[in-house]
Amino acid sequence: MSSHKRRQYPQQQIAAYDVSAGTEGAEGPGYGYGGEAYQYADQGGVFVPAAGAASIVPTPNQVSDQLGQMNVGGGAYYGAYGGYPASGPAANPNSPGMASPYSGAAPAAAPFGAPAPSASQHNASFNDLQTVDMIQSMPPPVNDLDLPPPPLAVPIEQTITRSEYAQASPDYFRSTLNVIPSSPSLLKKSKLPLALVVRPFIGLRDSDEQIPLIEDMCIARCRRCRAYINPFAQYTKGDYRWQCNICGCANDVPQNFDWDVQSSKTKNRWERSELNYGIVDYVANSDYLARPPQPPTYVFLIDVSVNAVHNGMVNCVAETLRQTLHSLPNSDNCTRVAFIAVDGALNYFQFPLPNPLKPDERQDARMLVVSDLEDPFLPTNSGTLVNLTECMPVIERFLESLPSLFANTYSSNSAMGSALKASLGLVKSIGGKVVCITSSLPSVGLGKLQPRDERKHLGQKSEHQLLQPANNFYKSFAVDCNKAQVTVDMFLVSNNYQDVATLSNLPKYTAGSTFFYPGWSAKKHSDSLKLQAELGGHLSQELGFEGMFRARATTGLHPSQFSGHFFVRSSDLMTFPTVSRHHSYVIELNLDETIKKPYVTIQGAFLYTSSHTERRIRVMTMQVPVSDQLSAVYASADQQAIAMWFAHTASEKALQSGFDAAHELINTRIAEIFKVFRTDVLNVHTGTSSTLSLSSNLMLLPLLAYALKKNVGLRRNNQILSDIRANALDLLQTLPMPNLIKLLYPEFYALHELPDEAGLPDENGNIVLPQRLNLTGEVLQSHGLYLLDDGQVMFIWVGNDVVPNLLMDAFGVETLDEIPSGKYEMPVAEDRELNCRIRNLINASRQRNDTVYFPSLYFVHQNCDQSLKLWVAALLVEDRSESDPTYYQYLTTIRDNLAAK
Amino acid sequence: MWSPLIYTIGSILNAVNLFTQGYFLVLYGDLEIDYINPIDLCNKINPYVIPDMLVHLSLCLILLLTGHFWTFLFNVPLLVFNYLSYRSGRSVLDATEIFKTVSKYKRNSFIRLIFHLFAFFYYIFNMIIAIIGHAVAQNESRPQLMT
Ligand SMILES: [Zn+2]
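The listed protein sequences correspond, in order, to chains Z and H.
The opening residue of the first sequence carries number 1 in full-length UniProt numbering; numbering runs sequentially from there.
The opening residue of the second sequence carries number 1 in full-length UniProt numbering; numbering runs sequentially from there.
The set of hints was computed from the structure by calculation and includes no laboratory data.
Owing to the predicted nature of the structure, the values given are computational and were not obtained by experimental measurement.
C-beta: ideal position from N, C-alpha, C; glycine also.
Hints are not guaranteed to be accurate.
As the list claims (entries may be wrong) - Below, simulated BS3-like cross-link-like pairs (lysine-lysine); rule was C-alpha separation at most 25 Å, straight line:
#1 K461/Z / K44/H
#2 K475/Z / K104/H
#3 K483/Z / K44/H
#4 K653/Z / K100/H
#5 K428/Z / K44/H
#6 K461/Z / K483/Z
#7 K869/Z / K523/Z
#8 K475/Z / K100/H
#9 K191/Z / K100/H
#10 K596/Z / K191/Z
#11 K461/Z / K100/H
#12 K188/Z / K653/Z
#13 K653/Z / K106/H
#14 K483/Z / K100/H
#15 K104/H / K188/Z
#16 K44/H / K189/Z
#17 K188/Z / K100/H
#18 K456/Z / K428/Z
#19 K475/Z / K106/H
#20 K597/Z / K237/Z
#21 K44/H / K475/Z
#22 K653/Z / K44/H
#23 K823/Z / K523/Z
Said to hold, decoys possible - Calculated Cβ distances over 12 Å to all of chain Z for the following chain H residues:
#24 I62
#25 F69
#26 L73
#27 V80
#28 Y122
#29 A130
#30 G133
#31 V136
Isolated chain Z (complex conformation) (with noise of 0.2 Å):
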């Protein structure tokens, strides 16, 4: 078989088609059809070839138009496809070492995806500075945003077990700055951020991670700072005492630290995880729980009012529980759960338990309905809040019925503010979750919400105020909701106004999540698609509970704000009543003394309780160079941490000051970082110069902070309805760090030239990606096909001039007209090989094991409606739009303003 297995549906090919459309198009030069397609067939029996398809391979002349047509990087653009490409020497030959000193750092078989110690970690040297034109490298080489950061060149002497994996891994605790400025003034010179950006759980179930557990109880704890024992801890004197690397602090070794506990001997100390691994869990003991683990606990607040009933939340919502139920946190049985039924009332559900004598007599919820909103009335006898396990039978058939009960219902009003304070009667001695899934606005009782005039102040200097929260009651509300460990999420299912902006502060500030569908309606299959999978997703993760986190650093550096959601209980302590795990926080550290010592250790421990009721703790623990050079902290910066917290410093400048303020926030910075690497980096200080110059490891951050700017969240424009702003910065301030960076940067693939492997599992059964296109509208070709992908949503646009051929292996259809524009599931033609994996791809996407969003798929084609055509074009964010110039025309007028000065 050729060796050329690729798809091609080169331009040159259309006429062709043309003259031949009305044979069919079977006998058409320039399929490699057939031949390839037997093989996959082969190999695992995933296509089943179309009867009559040609099998002409494109002659070498095609490939190489087409890839001569490509925006991006020359040969080494498929070439290095499987490791991380080397697209950086190919799109810029002056600078030849520029494919970053640490591609080659992948990690090998490790136990926990920690960086392997690459060449510069064994001896004390640092990243070496590799200096690039940015003007020169356009198009920016996007596949890079796939490189780990910078390794941190801390050699493995400094561990005493000499382990691999000393290191926390950088998916779940890294520093902006891989080497730390010795001193306050070099830091505040250097114009870069100083923080850390953790995600304590990359996975949304224990099961997706695999992390060493330390059973034993015996937990190794500094005595002055309390910091936990690590690897880069000292021992002195024979061993028996290890030096605190935090404070300083001699302190003695447990006396059961060698020892084991389950055989009863000595066992050797070396091998003790938590001097071993960056990343460990204890088993705590009871000296961590300020009272014993309570059950699992969920109250769902549905909205029944008309607006729900008629778009057809209700009954999307009860038949999604229904089927959720069964995958609730429920190890030990002791998960409990209430229902209440809005409207203008509160209708609570009693649950009667199976009698013991009849077990199968049939027995049905009994409803409550309590209509005095201001201090609702808690119905005291038990059958509410219910074990889930015991009534599962009943509660199934009263989610059934759930829809019929108020198909007729007449009342447009909600209390959802006095539901709230309802629910947190119900638990508040217990603690756990409240799932408000509604589709109006409170209107009566506790808490009620107006629309606000927004046309008043869309696009001027005053529509930050949309995005204030319109009453106390949501804050007081979650400080409350704090106090008895409980957190709210957000289900807000509406086609009218729902204020976004002040019913997301109860998630915000007690560790929940918001999740919002604009628009909503049971009626498109692709909207209640998407309802039914993050409902579900999230509900079925695995919960912690009660959580603390507590960041420690060596003297001189100190934890000082916090972003993202949950509540901070101290100066240096937030709080979570429940964790959700897809989440990611930001803490900005502070450096106020001249760190004197060659190694910084930052040490982040999480404490919270497990959804198998047992108390944990998960210890992340890294040792971060320090230096007094200026180029070797710019060496070391992680770009994607420092876009990171550009998206949570800039969102929350937004929400305080204002867009205008926000943009100037993220240009300036920008502009000073460019300043500083150039008269204090590399020490230019003469006039004109045609060159703009960053390191490599720096090369995609202007990028990403550009795209920061064309966000959603934080684009300039008088068209985005705060709703859709509010839940966009939500997302800036919640997303773990790479799908934040997909939805600043998002993926775009070209589907019609798929390599061969992509869209099919690999040997792990992960679905293998195509290279990313650089997102503008330069690489859009009119035959061909793409997927554009920000994790949020997902576009598949079709050329104008797509051949019928692509169609049908794409589609299954002949013609354009028969693909429907707009929101719509991708048609599933089982005999189409590209149709498989392009199905492949998309689903990749949905069943992420870390996020619980889930795309809707828009079709983008020639015939669709204006604004489609604009939102796509939006996320095009190399190019112009209505208030920014291109990224290259940015990238110019930085360059010019630096020269000018």
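Use these hints to put chain H with the ligand onto chain Z, whose structure you have.
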């Protein structure tokens, strides 16, 4: 002739303000050293924020109505400061954001404290002047009665 009484009232009300701001500052300090949690802090401070402003407002009204214009003018900056703080809707503490905002509240309390400290001496001084002036005026009128 009312002046001694007015300045006595002034110094008493001012002492109330002075004490309140001192109390606030101590609590802010406690928060920073984690001696008190944000929820308790807000429960302790918030009930007194508006009354504290009202005390000052009533003092200003008394001064204005009794014709002590210069003393009233002396109080105008704080009156405006309080009004702006009330208008912004951020005069009372928000427990969810307290660690981001506490330095600002602390600074504002400190400014108020300094103001009230100056005002304290101002009222005492004026009170003494007024009492002396009152006594002198009475002394001047006494010989006429004697003769
Ligand atoms: Zn210590």
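Here is how each hint holds up against the structure:
1. For the given pair, K461/Z sits about 36 Å from K44/H by alpha-carbon distance, which is inconsistent with the 25 Å threshold.
2. Proposed proximity of K475/Z and K104/H is supported: the alpha carbons are some 20 Å apart, at most 25 Å.
3. Between the alpha carbons of K483/Z and K44/H the distance comes to roughly 16 Å, so the proposed pair stays at or under 25 Å and holds.
4. In summary, the hint linking K653/Z to K100/H is supported, as the alpha carbons are separated by about 12 Å, within the 25 Å threshold.
5. For the hint pairing K428/Z with K44/H, the CA-to-CA distance comes to about 23 Å; that is within 25 Å, so the pair holds.
6. For the hint linking K461/Z to K483/Z, the alpha-carbon distance of about 37 Å lies beyond 25 Å, and the restraint is violated.
7. Distance check on the hinted pair: K869/Z and K523/Z sit about 23 Å apart at the alpha-carbon level, within 25 Å; holds.
8. At roughly 15 Å between alpha-carbon atoms, K475/Z and K100/H fall within 25 Å of each other, so this suggested pair holds.
9. Under the criterion of a C-alpha separation no larger than 25 Å, the hint pairing K191/Z with K100/H is consistent with the structure, at around 21 Å.
10. A C-alpha spacing of about 21 Å is found between K596/Z and K191/Z, which places the hinted pair at or below 25 Å, so the restraint holds.
11. At most 25 Å may separate the alpha-carbon atoms for a hinted pair to count; K461/Z and K100/H meet this at roughly 23 Å.
12. Restraint check: the Cα-Cα separation between K188/Z and K653/Z comes to about 20 Å, which is no more than 25 Å; the hinted pair holds.
13. Under the criterion of a C-alpha separation no larger than 25 Å, the hint pairing K653/Z with K106/H is consistent with the structure, at around 21 Å.
14. As the CA atoms of K483/Z and K100/H are separated by approximately 20 Å, the hinted pair is consistent with the 25 Å bound.
15. Distance check on the hinted pair: K104/H and K188/Z sit about 22 Å apart at the alpha-carbon level, within 25 Å; holds.
16. Note on K44/H and K189/Z: the hinted pairing is violated, with a Cα-Cα distance of about 41 Å set against a maximum of 25 Å.
17. The hinted pair formed by K188/Z and K100/H meets the criterion: a straight-line CA distance of about 20 Å does not exceed 25 Å.
18. A hinted pair counts as satisfied when its Cα atoms are at most 25 Å apart, and K456/Z with K428/Z does not qualify at roughly 41 Å.
19. A threshold of 25 Å between alpha carbons decides the hint, and for K475/Z with K106/H the separation of about 22 Å falls inside it, so the pair holds.
20. This hinted pair checks out: K597/Z and K237/Z have alpha carbons roughly 22 Å apart, not beyond 25 Å.
21. A distance of roughly 17 Å separates the Cα atoms of K44/H and K475/Z; the hinted pair therefore holds under the 25 Å criterion.
22. Between K653/Z and K44/H, the direct Cα distance comes to roughly 29 Å. Violation of the 25 Å bound is thereby established for this hinted pair.
23. For the given pair, K823/Z sits about 12 Å from K523/Z by alpha-carbon distance, which is consistent with the 25 Å threshold.
24. The non-interface label for I62/H is consistent with chain Z: the shortest C-beta to C-beta separation is roughly 32 Å, beyond 12 Å.
25. Distance check for F69/H against chain Z: the nearest CB is about 37 Å away, which clears 12 Å, and the non-interface claim stands.
26. For L73/H, the requirement that its beta carbon stay farther than 12 Å from each beta carbon of chain Z is met, with the minimum near 33 Å.
27. For V80/H, the requirement that its beta carbon stay farther than 12 Å from each beta carbon of chain Z is met, with the minimum near 22 Å.
28. Under the 12 Å C-beta cut-off, the non-interface status given to Y122/H relative to chain Z holds; the minimum distance is some 37 Å.
29. With 12 Å as the threshold on Cβ separation, the claim that A130/H sits away from chain Z holds: the shortest Cβ distance comes to roughly 45 Å.
30. No beta-carbon of chain Z is positioned within 12 Å of the beta-carbon of G133/H; the least distance is around 50 Å.
31. Listed as a non-interface residue, V136/H keeps its Cβ farther than 12 Å from every Cβ of chain Z; the least gap is roughly 55 Å.
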